[in-house]
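Chain residues, written in single-letter form:
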Amino acid sequence: MLSKTFSLLGNFAAFIAAFVLACAGIGAVLPERRVPVLTSKFDWLAQHGDEYDVLFVGSSRTYHQLAPEIFDSEMAAAGHRVRSFNAGADAMFPPEDTYVLEKILASRTKPVRLVLVECNPVNLRHGIDERYTLRAVHWHDSVRTWTTFRAAFFTDNKKRTWRKRLEKAQQRWPEFSEHAGYWMERNSNIGRGHELLTEWMGTASSKDKTESGLGKRNDGLMPFSVSEVMNAEQGAVYEKELAGMRARSWRGSDGDPVSLEELRVKQRLVERAGGRMVMVIPPFVGDKIFRPKQAEGLPPLLDFTNPEKYPELFKAEHRLEISHMNNTGAQIYTRLVARELLLLLNAEKR
Amino acid sequence: MSATLASLPPASPILFVEFRFLWIFAVIFLVNWALRSNTARKVWLLVCSHAFYTCFFIGEPAAFFQNIAAGRWDQLHEGWWFPLLLWFSTFMDYFVGLGIEGAKTDRGRRLWVTGSLVVNLGVLAFFKYYGFFDENVRAVFAWLGLSPTWEPLKIFLPYGISFYTFQSLSYSIEVYRKQLPAERSFLNLAFFIAFFPQVVAGPIVRAMTFLPQTLKRTEWSRVDVRGCLVLFFIGFVKKSCVSDNLAGIVDAYFCAPQDYNAFSAWVAMLCYAGQIYCDFSGYTDMALGVAGLLGYQLCVNFAFPYFAVSITDFWRRWHMSLSSWLRDYLYISLGGNRGSKLFTYRNLMLTMLLGGLWHGASWAFLLWGGLHGMALIFHREWVRLAGARMVSAVKWIAVPLTFLWVLLAWVPFRAGDTYVGTVTRGNEKATLGEITNQSPLKPIRLLGDGFYDQQGEKLLAGRDTVKRDPLTGDWHLVAQPAKVVARRLGGSFSNTVGVWKSLLCMGGGTKSVCRSVILIVLAILTFVHWVNARAFLGQWWRRIPAPHYAALLGAGAAVAIFAKPVVYKAFIYFQF
Chain A
1 MLSKTFSLLG NFAAFIAAFV LACAGIGAVL PERRVPVLTS KFDWLAQHGD
51 EYDVLFVGSS RTYHQLAPEI FDSEMAAAGH RVRSFNAGAD AMFPPEDTYV
101 LEKILASRTK PVRLVLVECN PVNLRHGIDE RYTLRAVHWH DSVRTWTTFR
151 AAFFTDNKKR TWRKRLEKAQ QRWPEFSEHA GYWMERNSNI GRGHELLTEW
201 MGTASSKDKT ESGLGKRNDG LMPFSVSEVM NAEQGAVYEK ELAGMRARSW
251 RGSDGDPVSL EELRVKQRLV ERAGGRMVMV IPPFVGDKIF RPKQAEGLPP
301 LLDFTNPEKY PELFKAEHRL EISHMNNTGA QIYTRLVARE LLLLLNAEKR
Chain B
1001 MSATLASLPP ASPILFVEFR FLWIFAVIFL VNWALRSNTA RKVWLLVCSH
1051 AFYTCFFIGE PAAFFQNIAA GRWDQLHEGW WFPLLLWFST FMDYFVGLGI
1101 EGAKTDRGRR LWVTGSLVVN LGVLAFFKYY GFFDENVRAV FAWLGLSPTW
1151 EPLKIFLPYG ISFYTFQSLS YSIEVYRKQL PAERSFLNLA FFIAFFPQVV
1201 AGPIVRAMTF LPQTLKRTEW SRVDVRGCLV LFFIGFVKKS CVSDNLAGIV
1251 DAYFCAPQDY NAFSAWVAML CYAGQIYCDF SGYTDMALGV AGLLGYQLCV
1301 NFAFPYFAVS ITDFWRRWHM SLSSWLRDYL YISLGGNRGS KLFTYRNLML
1351 TMLLGGLWHG ASWAFLLWGG LHGMALIFHR EWVRLAGARM VSAVKWIAVP
1401 LTFLWVLLAW VPFRAGDTYV GTVTRGNEKA TLGEITNQSP LKPIRLLGDG
1451 FYDQQGEKLL AGRDTVKRDP LTGDWHLVAQ PAKVVARRLG GSFSNTVGVW
1501 KSLLCMGGGT KSVCRSVILI VLAILTFVHW VNARAFLGQW WRRIPAPHYA
1551 ALLGAGAAVA IFAKPVVYKA FIYFQF
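Sequence order for the protein chains is A and B. Mapping to my numbering: the first sequence position 33 is 33, numbers consecutive. So the mapping is simple: my numbering equals the position in the second sequence, first residue as 1, plus 1000.
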């Protein structure tokens, strides 16, 4: 009986081992998954990465709002000759941004000078448009999936009863299981053969072709349309939200341990690549602002969420909605980022 | 545009090709073999079978029970109560079986079996053919210049009703014909009708094949584990790697057949022949494998039908459980060939027409059945007139000719009705594009307030809304108010004729559905199929050591997962 059980377990182990090895073997010879926006940036930086000494990393608030051309000219005017690249992408939050940053830095041969990282907490919930897409799958390597596991189940240090722990685990399980599914999908190469086949047979739809995220100047910026402004109804909602935010004295949170750790991981990556990291909180209206405390050995922080300090960033005519600015607002924001960064650098020199 | 609704949330049915099925099956399997008594195993499998079947209708189980607890009946899926029909059918045939056996006269026996036929077929007809009947009565009214005053009822088709109705009917008829004693154990009968590997899409197992298996205790030592795992794996490859990959080409073509050239029409039809065979026979293989691992044997359903040497031979090889059911219970009941030549041909044609209608309530299926009926009659006449020598002289062309006829007959089977939807959101208005009845999504029905699939899931309606993808121009469902107006654009017959004309280079457009390299893919698939049909390789996998077999299966699973599309597609035969 015992030998039968061992033999059964041995066969099962052989099945699993062969499956894992075959998946790894197939994965090793396959080209990288082509994901919209990011693949074009990876490809460009693999060829021209060393030409840039400043990188911007973050979500749509970086991708559409930080203009390298304006940033470079502001810095040049102050005597700092730099060339920057916007490596942001829509809805790119931790830990995806860490994965992207790691990949970009690994493709460089020269040290990076400065990396501006948008300050966001770890995000486990994909928007409806991002779920079950190649974009959702591409960054789920084992390290990043482990981060989502920790973020799902160990986001705070509170002491809880086992019952409370189980309740919490039950609540967070659906979120984590989605990420575990992406990890499976990434490592088992599911659908990759189908992709190659449809491409070979010429049946791949235009949807499957990769959207470029390089922008007109090949600097990674995809600006919003100049003409985009809020209509009266949107404007009224925005003003109400802004008034609400002004009325509250403290907005935001110090962050959970996993999100803070993610920032440190990025900091270490940048430092290993010979550069330094600066955290940026873009201007947006809301209560959920992730603002880590400066005393925790984290990189310096540029915070643009104070409407009293930066009124022009919160003017209705400069905004698309509570989270994003229009093109005019984005240009103002980029100049402010450059100026604040110069102030920071000069202050440190002194 | 055709991809409009492809972004719908995954359907609730549990498919054999899904990862979650593997986990669920692992639990069912382990508990089944951990239980000692045969009765406990059957109870366990009956509970699992009904739970499996119920999952097809209730959507997210947690939400379903929350809605029930809160009395939110309006938020339940349209067909949440359909699983009760399975119980109804089981109870009825249980008592009918006992009634037949207990009847003292032949008249009494006949009354019981007639009752079973009327109720079973009545329920099937109501759910399956009401919409078809209503639509055609309306068309006749419109032709007469009258407008019907009644509103169409929202009647949808419960998954698997055609399969389990025929299965439970087989029990009543076999008891009536004294081929089988009435089953005293309700558990055994309920288990036979609801057994989950075959409840939704067959094979249609005969009571006299399955019920005797329920009497004996299942023994693990008698399970052909290797054979079952290989069957499951082959079924998975057929469905996920072949059928679902070919589906893309077929769907692209049938969304706008008028745009494509003759080459595309041929490629699409060849791909469809491969798709439907691999889809259905793949499902059957997996069902056989799953049932086998639980200790039960189901009947074989396919025997390389595309290598048939005549249409008669084809029907001995294609969906064998249905064709033999129709032969034994319909064709023979109609009189079979016990009469004049014309009488036999009438019976043949009636059987095939009803066989066509069994697949779905549509003129297209009737036409498909009619084409096969014609071919069967023609073949009989040919054999009679030409004689054995002539028949064997032209044998070399028999396989391609049979295949060609089957291929042409698949056209009405696939080219369903075409609908168009117009979406209005604020001042924006857009056409949703043509949605065929067997679109990439699901077979659909058009009711007053939008599109539904046959099982009552609302695909697109006034309360649903759409958003245009700025990159592709496709429309996706989102939660913003919009209005959808749907109307019928073209009937299945006109679509069928269009494709036939295209196949004969007499119509169609200039676009090509894919590159000609597809022919290489199809040639490779045909070669592999032929090698299997000839059994050149034998069952070599039985002779290798167990760890090698396990490792090969593991590596095979990795390759199969690599080759399959990411998105699961429901089995085609679920709609019947």
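Think of the hints as simulated: they come from the structure by calculation, not from any bench. Take these hints with a grain of salt, some might be off.
Listed next, the stretches of chain B that the computed footprint assigns to chain A, with coverage defined by at least 3 CB atoms under 8 angstroms from CB atoms of chain A [what the hints assert, rightly or not]:
| id | region |
| --- | --- |
| 1 | 1317-1324 |
| 2 | 1517-1531 |
| 3 | 1540-1552 |
| 4 | 1555-1566 |
Remember, predicted model here, so these are calculated numbers, not experimental data. Where a beta carbon is used, it is the ideal one built from N, C-alpha and C, also for glycine.
Hints that the structure is at odds with (numbers, increasing): Hint check: 1 fails alone, others pass.
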